[in-house]
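Chemist: Given next are the chains, with one letter for each unit.
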Amino acid sequence: MNFELSNEQIMARGLFEQFAEKEVKPLAQEVDEQERFPKETVEKMNKTGFFGIPIPKEYGGQGCDVLTYIMCVEELSKACATTGVIVGAHTSLACDPIMKFGTEAQKQKYLTPMTSGSKLGAFALTEPNAGTDASGQQTKAILDGDNYIINGSKIFITNGGEADIYIIFAMTDKSKGTRGISAFIVEKGWAGFTIGKKELKMGIRGSATTELIFENCRVPKENLLGKEGKGFSIAMQTLDGGRISIAAQALGIAEGAFAEAVKYVKERKQFNRPLSAFQNTQFSLAELKTKIEAARYLVYHAACKKEAKQAFSMEAAMAKLFAAETAMEVTTKCVQLLGGYGYTRDYPVERMMRDAKITELYEGTSEVQKMVIGSAVLK
Amino acid sequence: MKIVVCIKQVPDTNEVKLDQKTGTLIREGVPSIINPDDKAGLEAALWLKDQYDAEVTVITMGPPQAETALREALAMGADHAVLLTDRRFGGADTWATSKTLASAIKKLEFDLIITGRQAIDGDTAQVGPQIAEHLGIPHISYAEELDLEADFVVVKRQFEDRCHILKARQPCLITALSELCEPRYMTPGGIFTAWKTKITVLNRDDLDVEDSNIGLKGSPTRVKKSFTKAVKGAGVIVNLDPSESAVWLTERLKEKFII
Numbered sequence: 001m002n003f004e005l006s007n008e009q010i011m012a013r014g015l016f017e018q019f020a021e022k023e024v025k026p027l028a029q030e031v032d033e034q035e036r037f038p039k040e041t042v043e044k045m046n047k048t049g050f051f052g053i054p055i056p057k058e059y060g061g062q063g064c065d066v067l068t069y070i071m072c073v074e075e076l077s078k079a080c081a082t083t084g085v086i087v088g089a090h091t092s093l094a095c096d097p098i099m100k101f102g103t104e105a106q107k108q109k110y111l112t113p114m115t116s117g118s119k120l121g122a123f124a125l126t127e128p129n130a131g132t133d134a135s136g137q138q139t140k141a142i143l144d145g146d147n148y149i150i151n152g153s154k155i156f157i158t159n160g161g162e163a164d165i166y167i168i169f170a171m172t173d174k175s176k177g178t179r180g181i182s183a184f185i186v187e188k189g190w191a192g193f194t195i196g197k198k199e200l201k202m203g204i205r206g207s208a209t210t211e212l213i214f215e216n217c218r219v220p221k222e223n224l225l226g227k228e229g230k231g232f233s234i235a236m237q238t239l240d241g242g243r244i245s246i247a248a249q250a251l252g253i254a255e256g257a258f259a260e261a262v263k264y265v266k267e268r269k270q271f272n273r274p275l276s277a278f279q280n281t282q283f284s285l286a287e288l289k290t291k292i293e294a295a296r297y298l299v300y301h302a303a304c305k306k307e308a309k310q311a312f313s314m315e316a317a318m319a320k321l322f323a324a325e326t327a328m329e330v331t332t333k334c335v336q337l338l339g340g341y342g343y344t345r346d347y348p349v350e351r352m353m354r355d356a357k358i359t360e361l362y363e364g365t366s367e368v369q370k371m372v373i374g375s376a377v378l379k
Numbered sequence: 001m002k003i004v005v006c007i008k009q010v011p012d013t014n015e016v017k018l019d020q021k022t023g024t025l026i027r028e029g030v031p032s033i034i035n036p037d038d039k040a041g042l043e044a045a046l047w048l049k050d051q052y053d054a055e056v057t058v059i060t061m062g063p064p065q066a067e068t069a070l071r072e073a074l075a076m077g078a079d080h081a082v083l084l085t086d087r088r089f090g091g092a093d094t095w096a097t098s099k100t101l102a103s104a105i106k107k108l109e110f111d112l113i114i115t116g117r118q119a120i121d122g123d124t125a126q127v128g129p130q131i132a133e134h135l136g137i138p139h140i141s142y143a144e145e146l147d148l149e150a151d152f153v154v155v156k157r158q159f160e161d162r163c164h165i166l167k168a169r170q171p172c173l174i175t176a177l178s179e180l181c182e183p184r185y186m187t188p189g190g191i192f193t194a195w196k197t198k199i200t201v202l203n204r205d206d207l208d209v210e211d212s213n214i215g216l217k218g219s220p221t222r223v224k225k226s227f228t229k230a231v232k233g234a235g236v237i238v239n240l241d242p243s244e245s246a247v248w249l250t251e252r253l254k255e256k257f258i259i
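Chains as they are written, first to last, in my numbering: chain P, 1 to 379; chain V, 1 to 259.
Note that these hints are calculated values from the structure, not bench results. Ideal Cβ placement from N, Cα and C applies to all residues, glycine included. Keep in mind that the hints are not guaranteed to be accurate.
Some, not all, of what chain V presents toward chain P, calculated at C-beta under 7 angstroms [what the hints assert, rightly or not]: (1) Y185; (2) M186; (3) T187; (4) P188; (5) G189; (6) I191; (7) F192; (8) W195.
Throw the hints in and build the complete structure from the sequences for me.
Modeler: Pasting the structure below:
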């Protein structure tokens, strides 16, 4: 068992850290307050090769390993969870399924522009009546000659409206239940595909979360991703990978808040002593740091299993469950350590606390992770 | 076109703390970076590569760990890297450094050599021009803009009170100011490739240079004393529009009977 990062990974982590510090952190508060999608950062990240880190070079990617990509999401999220999830949703939820299930023509047409040509990706499974129970899909795709005609709507879609390429799930045969769901690659701007309501959220407020509406949207047959009826399996496998990136986002949020708290308790004086001199402070920090490190190893382990092409579904679920709960606990306690100041927008920990909550909810709630882990244990 | 870029690995002075008792720098635990002027020079070379297609070789003299600076340069887009490392090079002043570098560069093909203006840990600004002298080629220092024109390199040279537009026929050397260009980031894929790229390592015996011109023994400079500059009074920052600030400034100067 080797816990050391390679020279490449250490240098890449340094790059992500430097980029986050210089390009991401200065915008984090503004992006949150104005609920603004950080287009300028997206452009810079695209130029720096952040949009296809684990994708092979032949498809325009960077040809790095999963852990390096995961550390990118982690480092970005330390400064701004919004920025972390833009990269995470694009890479894990949109690039990955095309890489894994796409035809060579689909990879050339869609993957390469997504990894190296500024086309952003999104993944659309959730519907008003199909959340945790994703099998309740009501969006329909009916084959008509060389096209599928898609009707229905999706909600809570990360990168919605900002993305150019969407992975859409729809029922091609309702009688078959989950085996009647298929996946499609759909381009923004196609007739019959519009962006609906944008959600106003508690956290990750710069991330675009929207509704997608399909009204007789014609999708060419060659844009079917994988085989007809394999959509549910594609979605579940994709979410397994996505969970590692959300776990990394959660880890980053926790680390970001922790760093702020450490800085604060060294400076802030009460009763003529810095807060850091009080045992209560030290014990609080010790507990939080231990949980952060435990979360890190779960997250990195899941990433390494995925890289090694081993089964990682349970590990990803455990990483996300634990990292998300850690992020929530760490950010809440960091606000507490900062006292009244922590509750104000003069310090970033209140934003981080709001951002942390989403990691317990999306790409499967904590309860869903427990379902995944439980069923794996009892198999 | 072939470009050689000289870089130096230096302690990140933003992170350096001073030992209050001895007045010396505390270097332990301080991260090493590519000297900022050199990094701007490297970016200029990479810009020329993007514009006109060039082959960029980075070269550095330093301890074995200077390899990291070369890997970083490769990850930004340089094609080749050369590390000059030998204990016998240690303690070199600018003369011995430039002699050593020039003797290594002689072994390479080049149309243009770019160095940074000066290093943040030495601040001499001598090594670049000295390399040009040893190689017998023209040099232009303090470049803030740079382009090519047929066989010439055209440079806007910054002086304190003016700028010069100068042309030099290739092969030549220029020294870059950090204003020359904003260095690009490495890319993750570039990093992974960089660690697979072979770095040419040269030692004393690979170079055709006299013993009297290398290392501490080949260094005529003797440091007599080093000390920390006395701190001047804090300045004042006023946020006024230009005409108001002119009035404000004149009043202050009048108060002090300067005007």
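Chemist: Of all the hints given earlier, name the ones this structure violates by number, lowest first.
Modeler: When the structure is compared with the hints, none of them turns out to be violated.
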